[in-house]
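**Q** Line order of the protein sequences matches chains F and X.
Take the first sequence: its position 206, counted from the start at 1, is 206 in the working numbering, and no numbers get skipped.
Take the second sequence: its position 33, counted from the start at 1, is 33 in the working numbering, and no numbers get skipped.
Derived EDC-like pairs: lysine to aspartate or glutamate, alpha-carbon spacing no greater than 16 Å straight-line:
#1 X:451 / X:133
#2 X:451 / F:52
#3 X:67 / X:246
#4 X:451 / F:55
#5 X:451 / X:130
These are calculated hints, taken from the structure and not from any lab test.
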Amino acid sequence: MAAAAALTLSGCLPRLWEAAVARDPSAYRLTALLAGALALLARTRRAADEPDIHDRQVDYLVGLPLLVLAAGVLSVPPARYHGPFWLAHADLLALPLLAAGAIAVVFGTRALWRQRLTLTAWLGVLVPLTAPAARNAADVLAAPALALARLAGTGLGGWHAVASPPGDAVLRAGSGGEIAYGAALRGVAGVLAAAAIVIVFAATATSGRGALRRAVPAAAVCAAAIVGRILLASLVGAAAGPGGANAVLGWVGDLVTLGVIAIAGTAIGLRQVGVGTAGGRAPAAGRRVRRRPPVPRARLALAVLALVCAGLAVLDITGNRAAARSDAAQSDATRSGVVRSDAVRSGAAR
Amino acid sequence: MSPPAVPNQLSARERLSRGQRVGFVALALALLGLLAFAPMATMIGLIAVISLLYLAVFAERLVLLRKALRDPGLLRVSPERARGLSDGELPVYTVLIPAYREPEVLPHLLAAVTGIEYPPDRLDVILLLEEDDDETYAAALAANPPEYLRIVRVPYSEPRTKPKACNLGLTLARGDLVTIFDAEDRPDPLQLRRAAAAFRDVPGNVVCLQAKLAFFNHRQNILTSWFTTEYAMWFDQMLPGLVRQDAPIPLGGTSNHFRADVLRELGGWDPYNVTEDADLGVRLHRHGYRTLVLDSVTYEEANSDAINWLKQRSRWYKGYLQTWLVHSRNPVAISRQIGFLGFLRFNLFVGGTPLLAILNPVLWMLTLMWFAGNLPIIERLFPPWLYFVGLVCLLLGNFTFVYCNVVAARATGIGRLVPHAVLSPAYWLLMSVAAAKALVQLVVAPSFWEKTAHGLGAADPPGEAPPNRPGEPVGAGVGHAGA
Numbered sequence: 001m002a003a004a005a006a007l008t009l010s011g012c013l014p015r016l017w018e019a020a021v022a023r024d025p026s027a028y029r030l031t032a033l034l035a036g037a038l039a040l041l042a043r044t045r046r047a048a049d050e051p052d053i054h055d056r057q058v059d060y061l062v063g064l065p066l067l068v069l070a071a072g073v074l075s076v077p078p079a080r081y082h083g084p085f086w087l088a089h090a091d092l093l094a095l096p097l098l099a100a101g102a103i104a105v106v107f108g109t110r111a112l113w114r115q116r117l118t119l120t121a122w123l124g125v126l127v128p129l130t131a132p133a134a135r136n137a138a139d140v141l142a143a144p145a146l147a148l149a150r151l152a153g154t155g156l157g158g159w160h161a162v163a164s165p166p167g168d169a170v171l172r173a174g175s176g177g178e179i180a181y182g183a184a185l186r187g188v189a190g191v192l193a194a195a196a197i198v199i200v201f202a203a204t205a206t207s208g209r210g211a212l213r214r215a216v217p218a219a220a221v222c223a224a225a226i227v228g229r230i231l232l233a234s235l236v237g238a239a240a241g242p243g244g245a246n247a248v249l250g251w252v253g254d255l256v257t258l259g260v261i262a263i264a265g266t267a268i269g270l271r272q273v274g275v276g277t278a279g280g281r282a283p284a285a286g287r288r289v290r291r292r293p294p295v296p297r298a299r300l301a302l303a304v305l306a307l308v309c310a311g312l313a314v315l316d317i318t319g320n321r322a323a324a325r326s327d328a329a330q331s332d333a334t335r336s337g338v339v340r341s342d343a344v345r346s347g348a349a350r
Numbered sequence: 001m002s003p004p005a006v007p008n009q010l011s012a013r014e015r016l017s018r019g020q021r022v023g024f025v026a027l028a029l030a031l032l033g034l035l036a037f038a039p040m041a042t043m044i045g046l047i048a049v050i051s052l053l054y055l056a057v058f059a060e061r062l063v064l065l066r067k068a069l070r071d072p073g074l075l076r077v078s079p080e081r082a083r084g085l086s087d088g089e090l091p092v093y094t095v096l097i098p099a100y101r102e103p104e105v106l107p108h109l110l111a112a113v114t115g116i117e118y119p120p121d122r123l124d125v126i127l128l129l130e131e132d133d134d135e136t137y138a139a140a141l142a143a144n145p146p147e148y149l150r151i152v153r154v155p156y157s158e159p160r161t162k163p164k165a166c167n168l169g170l171t172l173a174r175g176d177l178v179t180i181f182d183a184e185d186r187p188d189p190l191q192l193r194r195a196a197a198a199f200r201d202v203p204g205n206v207v208c209l210q211a212k213l214a215f216f217n218h219r220q221n222i223l224t225s226w227f228t229t230e231y232a233m234w235f236d237q238m239l240p241g242l243v244r245q246d247a248p249i250p251l252g253g254t255s256n257h258f259r260a261d262v263l264r265e266l267g268g269w270d271p272y273n274v275t276e277d278a279d280l281g282v283r284l285h286r287h288g289y290r291t292l293v294l295d296s297v298t299y300e301e302a303n304s305d306a307i308n309w310l311k312q313r314s315r316w317y318k319g320y321l322q323t324w325l326v327h328s329r330n331p332v333a334i335s336r337q338i339g340f341l342g343f344l345r346f347n348l349f350v351g352g353t354p355l356l357a358i359l360n361p362v363l364w365m366l367t368l369m370w371f372a373g374n375l376p377i378i379e380r381l382f383p384p385w386l387y388f389v390g391l392v393c394l395l396l397g398n399f400t401f402v403y404c405n406v407v408a409a410r411a412t413g414i415g416r417l418v419p420h421a422v423l424s425p426a427y428w429l430l431m432s433v434a435a436a437k438a439l440v441q442l443v444v445a446p447s448f449w450e451k452t453a454h455g456l457g458a459a460d461p462p463g464e465a466p467p468n469r470p471g472e473p474v475g476a477g478v479g480h481a482g483a
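Excised from the complex, chain F in its bound form (with noise of 0.2 Å):
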């Protein structure tokens, strides 16, 4: 299955790879597809009073129009929006329904309900969003934690604050440089990503308390990560200079601190279902759970998966490459126009 996905999305991940690494706020899509993954993942568990029923007809008949689905994503939209919706990522909205097809049609339907929250949740934060709300979503959120890094900064290092835009706090550090924090909240383990974490990891549960009880821990997780992050950049720019601040909340920052959020999120996950404690949720018992498969013959779903999802890359390869030319063509038209102007300017000035 995150063979299929992978394969699907081969046309937009290396462009989500770059806004990770250029810190774009829309760089959150990666980390959302990962606790997506992982979120359903959590949710494979059959609940001890599910039913024992199946349909092998009734698995096509909901998986195959999902995946129709999933491809009517890459191709009806686009004949409307064309560039805008490759750029928005809206091509990953796809992603969700292929899996709910995917699950329904190799492991059954009654796996898709299990799944019905989280696979919503993961739509839910794989919406498009433009640049600029990601950018406006990302800049609120990210306010307490940029108090914190102008508060840890001139606590720890003596520095003073140089400037505080929106969605930045950038401090000099004597006259070694500066350190601008922001990028480090727009990246990969940002806020945003935080946010879609937290949201697709409440949704593994089936009530709101037990969303609530998911969703704390996986805020606090991320918090302290983020917090943790800060503090320690503005401990090693004391000591080490801005340089070395500047490497704690580089990109590669970024992916360590991912690392750490999903380390301790799979820890608390496996607690929570009770894998490796004493007092963890009794196994699945009664007449209606079995342990044989419920799905015992799914070769066939599995050679129709696969040509759907060749199909699927395809339509998304050759959109994303479309988007990132015109985009590209978009940036060298305007940096050609400010160069123009600039010499227009120079001439005028001479």
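Starting from the known structure of chain F, fit chain X onto it as the hints suggest.
**A** Below, chain X alone, put in the same frame as chain F:
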């Protein structure tokens, strides 16, 4: 006595008659030809026909709703009147209870049977169990059933369907009146007395009384809520409306009471039809007999699991399609028997219900494609004259169905059903999956009986009965719709 038999031309043993096969092939060829030579015009024509079908169904539903609201026309028998009949005035009553692999519901079944207020010496209860169903048989023997309950093993033969078992029960029945209950049913204890009293007073051509069905577990989840509302709409609006229109009544699966001699004369149930009850309702009407709705409720367990629900509903839709195909084999004959208007109503109600459920996703997809992609082809498929018809279908049609649901939910007096009724479009999605499954099965396994599992966590606390369901209707004597 040999088992009754439904005439071949009225049985679903053959999916299609020769005439239908020729007709369908000719239609398919004509469509292909038109699509090849004038694809866009053909597609527009098809959409126009479908839109007209939708409009006709909406109009029909509104007419039924109006008729039912103005005068539900239910047969009401007061408890005093029902209990007032002496033992000598009561006919021998046969209750057929077909069951298969349901040992867990036997305690409920026996409680329901022993709770029936009817003289034991005039009661003939037959529990019909399949030959290979040893678990239910053992449980039935162990439960110490009353003397008037006979356990009959149905010998193995194809098709293995409920109507086949019921036909065997009919050959063994001692009663003048016959009814069917499912194993998990909880009928109104006075239902047999009410039906017996009603049969004394209704005209001679009324040979069947359909009691109302409702669910005791409507609180279990949103699916049981929707199902409860749907049943309320069916038994409080649709069936009374059909009675008022003098249209064929597709009977419900249980709690239908018959005069045994007429049932035998008609050949009993069609063992190849998976909604043998709906088929029988149409056959009764074709033979000039009439069905009325009895204001007495049998509580059942609403399917609380979506996959289980899909299996059950797909069987119902498949049976409706079978019934529709069987009775459309000779349109001239049926039009003579039930009138041209009756035949049209039969098509809209019995054929239209599963067909619209199958077509719905196609039209939803077209709508979605229009909003998401603004595709020029959609614009071409809906020229202005058709666009407005489609818009009426989309807005007015959906409103009509939600409105009917809300009215039915409101009429039950169960407050929580109303907000769920507003969300009923999600229920239609399930119906469409079931209809697609029914269509697939109609081709690959027409007489296959999708077994519904019962006892899926349905509690039966006392006082669960909806507040204003007519367990004890007011009013004395017997009265019926438009008699």
